[in-house]
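Engineer: Just so you know, the protein sequences line up as chains A and B, in that order. Read left to right, the first sequence gives residues 16 to 137 (my numbering). Read left to right, the second sequence gives residues 16 to 137 (my numbering).
Read the hints as simulated data drawn from the structure, not as lab findings. Just so you know, not all the hints are guaranteed correct.
Since the list gives no way to pick out one identical chain from another, each pair is judged satisfied if it fits inside one copy or across any two copies.
[Claimed, not checked] In silico EDC-like links for lysine to aspartate or glutamate, alpha-carbon gap of 16 Å or less: (1) 123 with 72; (2) 99 with 135; (3) 56 with 74; (4) 99 with 120; (5) 111 with 50; (6) 105 with 72; (7) 102 with 53; (8) 99 with 119; (9) 105 with 119; (10) 36 with 74; (11) 111 with 33; (12) 111 with 44; (13) 56 with 40; (14) 102 with 131; (15) 36 with 72; (16) 36 with 60.
There are 2 protein chains.
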Amino acid sequence: MHIHEDIELCDHKEIHTELLKHVNDTLPEENQLYDLAELFKTFGDSTRIRILFVLFEAEVCVCDIAEALHMTQSAISHQLRILKQSKLIKSRREGKSIFYSLADEHVKTIIAQGMEHILEDR
Amino acid sequence: MHIHEDIELCDHKEIHTELLKHVNDTLPEENQLYDLAELFKTFGDSTRIRILFVLFEAEVCVCDIAEALHMTQSAISHQLRILKQSKLIKSRREGKSIFYSLADEHVKTIIAQGMEHILEDR
DNA sequence: TAAACATATGAGCATTTATTCATATATTGA
DNA sequence: TCAATATATGAATAAATGCTCATATGTTTA
Numbered sequence: 016m017h018i019h020e021d022i023e024l025c026d027h028k029e030i031h032t033e034l035l036k037h038v039n040d041t042l043p044e045e046n047q048l049y050d051l052a053e054l055f056k057t058f059g060d061s062t063r064i065r066i067l068f069v070l071f072e073a074e075v076c077v078c079d080i081a082e083a084l085h086m087t088q089s090a091i092s093h094q095l096r097i098l099k100q101s102k103l104i105k106s107r108r109e110g111k112s113i114f115y116s117l118a119d120e121h122v123k124t125i126i127a128q129g130m131e132h133i134l135e136d137r
Numbered sequence: 016m017h018i019h020e021d022i023e024l025c026d027h028k029e030i031h032t033e034l035l036k037h038v039n040d041t042l043p044e045e046n047q048l049y050d051l052a053e054l055f056k057t058f059g060d061s062t063r064i065r066i067l068f069v070l071f072e073a074e075v076c077v078c079d080i081a082e083a084l085h086m087t088q089s090a091i092s093h094q095l096r097i098l099k100q101s102k103l104i105k106s107r108r109e110g111k112s113i114f115y116s117l118a119d120e121h122v123k124t125i126i127a128q129g130m131e132h133i134l135e136d137r
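With the hints as extra help, turn the sequences into a complete structure.
Structural biologist: Here it is as structure tokens:
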């Protein structure tokens, strides 16, 4: 986190005062902006993206994800924790295993939109 | 970037072989997953989110963004570079100023979905 | 052409982050 | 209750990231 200090301005102050006021009015609250950035941060790692793609197919346990992605149980477990904190996935215990699945439909929508964007040119 | 090594498996191998095969077939290519994560990484910073919200309102120059967000021109410029690399924004020179605007509608859709998600509970 | 202005960029630094390793917790079955 | 299995977690480390500062590039105007 960084602290924003007051800063030099550019020349056309009078001209854009209106706009700046408007921006100030429409900008979401600080903690909403923060939460939004945190949410996208969660999508911003290819391991977590891969985990989500696995969960698109089925509800699976940790060791299956680890196997599917050729990664250690520990690494996957750490990432599942982050995905769960962002409420992108949920879990359910069944005996010794814990099964993970997608929390809601936003996950798919967001990833689908992202996919569209990166595929747009080419 | 990290290298994924082969890993211990869990017990029910035979049971989930089918699933693992399916996941393997449906997982996007490595570089698509990478690009997707990179895209979301771009959204995953509150300064860049703020910049995008400013651009939702109007096409503006660098110094206006800096002023609106109370940050230095340099900090904003560095972030604009990242947003542009991800093709979320585009720029246009007009005299000494460079005006930035949103590149396409995906930006709004993605942020709107993210907003819905974080506002879902509470 | 020189000075002023707007923006971009490279180096440096502090912070965050993803993985590994070791180990803790929880559940089942003998 | 003890061993085996599945998962979670804390500490450590290497890599990535966002900002600042100094300065470079590009444009306009005197």
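Engineer: Work down the list of hints and note, for each, if the structure agrees.
Structural biologist: Each hint tested on the structure:
no.: 1; hint: 123 with 72; in the structure: within (11 Å within a copy, 27 Å between copies)
no.: 2; hint: 99 with 135; in the structure: between (30 Å within a copy, 15 Å between copies)
no.: 3; hint: 56 with 74; in the structure: neither (23 Å within a copy, 26 Å between copies)
no.: 4; hint: 99 with 120; in the structure: within (15 Å within a copy, 29 Å between copies)
no.: 5; hint: 111 with 50; in the structure: neither (33 Å within a copy, 36 Å between copies)
no.: 6; hint: 105 with 72; in the structure: within (15 Å within a copy, 36 Å between copies)
no.: 7; hint: 102 with 53; in the structure: within (11 Å within a copy, 21 Å between copies)
no.: 8; hint: 99 with 119; in the structure: within (12 Å within a copy, 30 Å between copies)
no.: 9; hint: 105 with 119; in the structure: within (9 Å within a copy, 32 Å between copies)
no.: 10; hint: 36 with 74; in the structure: between (48 Å within a copy, 15 Å between copies)
no.: 11; hint: 111 with 33; in the structure: neither (61 Å within a copy, 21 Å between copies)
no.: 12; hint: 111 with 44; in the structure: neither (42 Å within a copy, 33 Å between copies)
no.: 13; hint: 56 with 40; in the structure: neither (26 Å within a copy, 27 Å between copies)
no.: 14; hint: 102 with 131; in the structure: between (23 Å within a copy, 12 Å between copies)
no.: 15; hint: 36 with 72; in the structure: between (47 Å within a copy, 11 Å between copies)
no.: 16; hint: 36 with 60; in the structure: neither (36 Å within a copy, 23 Å between copies)
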